[in-house]
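Asker: Here are the chains, one letter per residue:
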Amino acid sequence: MILSIASGKGGTGKTLVATSLALSLAQERPVQLLDCDVEEPNAHILLRPSFSQHQKVSIPIPALDEEKCSYCGKCAEVCAYKAIAVFGDHVLIFPELCHGCGACSYLCPENALVEIDREVGVVEIGRSNGIEFVHGKLSVGEAMPTPVIREVKKHINGKSLAIIDVPPGTSCPVVESVKDSDFCLLVTEPTPFGLNDLTLAVDTVKELGIQPGVVINRDGLGDSKVEEYCLRRDIPILLRIPLDIEIARLYSRGITLVEGIPEWREAFRKLYYDIERNVLTPTKVSDK
Amino acid sequence: MKELVVISGKGGTGKTTIVASLAALATNKVMVDCDVDAADLDLLLQPMEQKRHDFWSGQKAVIDNEKCTQCGLCQDVCRFDAIRELHVDPVSCEGCAFCYHICPEEAITMQENLAGRWFISETKYGPMVHARLGIAQENSGKLVAMVRQQARDIAEKRGLDFILSDGPPGIGCPVISSLGGANLALLVTEPTLSGIHDLERIIGVCQHFGVPALVCINKYDMNDENAHRIEEYCCSRGIEVVSRIPFDNVVIEALVHGLPVVEYAQNGVARQMAQLWRTIAEVLGV
Chain E
1 MILSIASGKG GTGKTLVATS LALSLAQERP VQLLDCDVEE PNAHILLRPS FSQHQKVSIP
61 IPALDEEKCS YCGKCAEVCA YKAIAVFGDH VLIFPELCHG CGACSYLCPE NALVEIDREV
121 GVVEIGRSNG IEFVHGKLSV GEAMPTPVIR EVKKHINGKS LAIIDVPPGT SCPVVESVKD
181 SDFCLLVTEP TPFGLNDLTL AVDTVKELGI QPGVVINRDG LGDSKVEEYC LRRDIPILLR
241 IPLDIEIARL YSRGITLVEG IPEWREAFRK LYYDIERNVL TPTKVSDK
Chain A
1001 MKELVVISGK GGTGKTTIVA SLAALATNKV MVDCDVDAAD LDLLLQPMEQ KRHDFWSGQK
1061 AVIDNEKCTQ CGLCQDVCRF DAIRELHVDP VSCEGCAFCY HICPEEAITM QENLAGRWFI
1121 SETKYGPMVH ARLGIAQENS GKLVAMVRQQ ARDIAEKRGL DFILSDGPPG IGCPVISSLG
1181 GANLALLVTE PTLSGIHDLE RIIGVCQHFG VPALVCINKY DMNDENAHRI EEYCCSRGIE
1241 VVSRIPFDNV VIEALVHGLP VVEYAQNGVA RQMAQLWRTI AEVLGV
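If you read the sequences in order, they're chains E and A.
Residue 1 is where the first sequence starts when you use this note's numbering, and the numbers rise one by one after that.
Residue 1001 is where the second sequence starts when you use this note's numbering, and the numbers rise one by one after that.
Read the hints as simulated data drawn from the structure, not as lab findings.
Certain hints may be false.
As the list claims (entries may be wrong) - Stretch-level coverage of chain E by chain A, calculated; a stretch enters the list once three of its residues show a Cβ under 8 Å from a Cβ in chain A:
#1 74-85
#2 92-104
#3 158-169
#4 191-199
#5 202-213
#6 244-253
Claimed, not checked - Going by beta-carbon spacing under 8 Å, a handful of chain E positions derived as facing chain A:
#7 K9
#8 G10
#9 T15
#10 E39
#11 L107
#12 G141
#13 M144
Claimed, not checked - Computed spacing ranges between beta-carbons, pair by pair:
#14 A/R1229 to E/S52: 27 to 33 Å
#15 E/E28 to A/E1049: 48 to 54 Å
#16 A/E1122 to E/E276: 48 to 54 Å
#17 A/E1122 to E/L231: 30 to 36 Å
#18 A/E1122 to E/K68: 54 to 60 Å
#19 E/Y273 to A/C1235: 46 to 52 Å
#20 A/W1056 to E/E28: 47 to 53 Å
#21 E/D244 to A/L1073: 56 to 62 Å
Note that beta-carbon positions come from the ideal geometry of N, C-alpha and C, so glycine has one too.
Just chain A, with the same shape it has in the complex:
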């Protein structure tokens, strides 16, 4: 079983657009949306929800006002500034339970926290695991780990040999959680100075965790000079640029129609996607 994760560092470079097209092109696979706090892959793959599960993660402190003597010790020890005027702000509380352990009146309890939901769905391209992190919740890394594990279980049960994963932006907790143990990362960048800066950092993360990476330059013709700089930079880091996708409004038209671009058009973008998939399939041997 092989797993590809599509990440980018910078947001909005085209991860989901590319994953949706790869989903339409690949066979014998399961899709997983690891961008659990702004999940968009469902808008292109139109999943039919089969199973829904609550995701309980972490705890939040609650003060019992009847027992509280207002000594203020909890407020003094909390390093997350989550207790103000002897009231716990559940958004700031990181669930460390320091206050619970030290309260001399045992007035604090730790309550389980419903952090989101995850879903197993069917799409016309195969099974899909996705999730929705609750509003203003933490632990997105744990929810990512959960959806990836579910995808692996489905792949094993159904004899699928490929996991296609749409990753989150950034380089922190949910990205690390998406990346660990994956066979290959596809890094989607754009020829902007921000795109180059963020690519350098995400390559660093891939190398830190020992995951091989390939690069795709999306909208490469928006700035040829920067596209060239990306190619030179990747070459210097020993990373291959395997795809250059031109800017084309057809990508947005496909999105508005709720379709992967390869299902909507047969133009240059669609051809590039098909070429990209052949390269990935060859590298992974799927």
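If we strip away everything but chain E, and leave its shape as in the complex, we get:
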């Protein structure tokens, strides 16, 4: 099963939930944790994995063979991202705009564009407490996280429970991280910001045809509108984590909730089994 942990709003506790869920289940089943928040990955701070593999993530970008080029301008014409410009007998390539689609080099009538690798980030693989850990890191200054997210997700082995820590927001990096999940847990807080971003996240997840469930973090804060919204939209609230300065302090020191307060382990196990038993339709479970 692929279970993604998303939120819309940042800082609601996605990584707290993802890491404690993974630790609570790792003794009884194979678990992978994939941190797809490649712009600001944090799960490794809590799980402290020992990394055994580092793989560069590159996208293919065009490089010009000037001897072959006839300056016909076809490459600039087909590039949807304006990453190539041809002026007279000059070809300018803007690597940071290139999505690596390959159209220019394939369509060049002179075969004058070869593809070279441009590094945009790294994927690191390791283990922690019986969990297979994978995360990606977008290089500082790079704009496009999706190629790194795609590489992280290639490590999903199909046999383990794959828990995906999703970046905040609702746009392309979120979609890339969440798509193909069997279920998406949305971590929110009971505030107007939490509610607004939850509604956006629910719409995104439903657009992808994925069933959402909610975790309310810092329960007791703010108001009851998140709860009313979940009732109205028939979205199950599967776990509540109370507003507790001790929980916040543990997180601030990089200690997972279930290691800091082991009684929480059972709540996270129950969370998983509720998703598996009650929320996923039986056909969908047996598909995987």
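Starting from the known structure of chain E, arrange chain A on it as the hints suggest.
Answerer: Okay, now just chain A, sitting in the frame of chain E:
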């Protein structure tokens, strides 16, 4: 005209809370919400929408089944895994048009994509430009560039000398788009190990793009030791920590009431916000 962008790397550190208070304290300015995929500033500034515009950006491939001979070439060349069983998944399609160019039957067309909307509004604190990216859309960086340009146009037309921008979390495309050409970045962090890690990366982005930065430690008293580490780290990078805001539930109470915290309370948090604004105004000369 000076532009301040409030960013953080890590989400949920308090960017919008701070921007709303700065909006209440600053004069002669325009606000812009650059977090276009989870925009929240409107919840505190209560904008009255004046103008609404569609944001068309990018294209999506569409296959004409009548012309398609199922040769599969489009599927073979697509690097975004967007064509499965000869059907285009619009969510995965990045609009590169490779398939459109190579289809031997000319069965593929590229259709313009409605990626979101943007708004020009009035608030009691001044004009505001904000946007909503469509569900599961890309090109948020372009929408950010659009709302920033609109804010600059408004500032010019109305003779406003300050643009106050609420930025998105992360370090990627919408952040870079929010940051380029800004006069100053205020980096809001929190004293958690995650906050420190993410601050290091966002400082790297600011330095990469040559934008000067100041740091604000929000909820600094949640972990004094980490707050101290942030101060030492910033010092080593030559960046000044200009504000330390204590944890206080009044921030959430203000949020529930839909008000900037400086309009809701006169406590330590409100005083820190006022001090922060004086520092920023001095640095920017506004």
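Asker: Of all the hints given earlier, name the ones this structure violates by number, lowest first.
Answerer: Every hint satisfied by this model.
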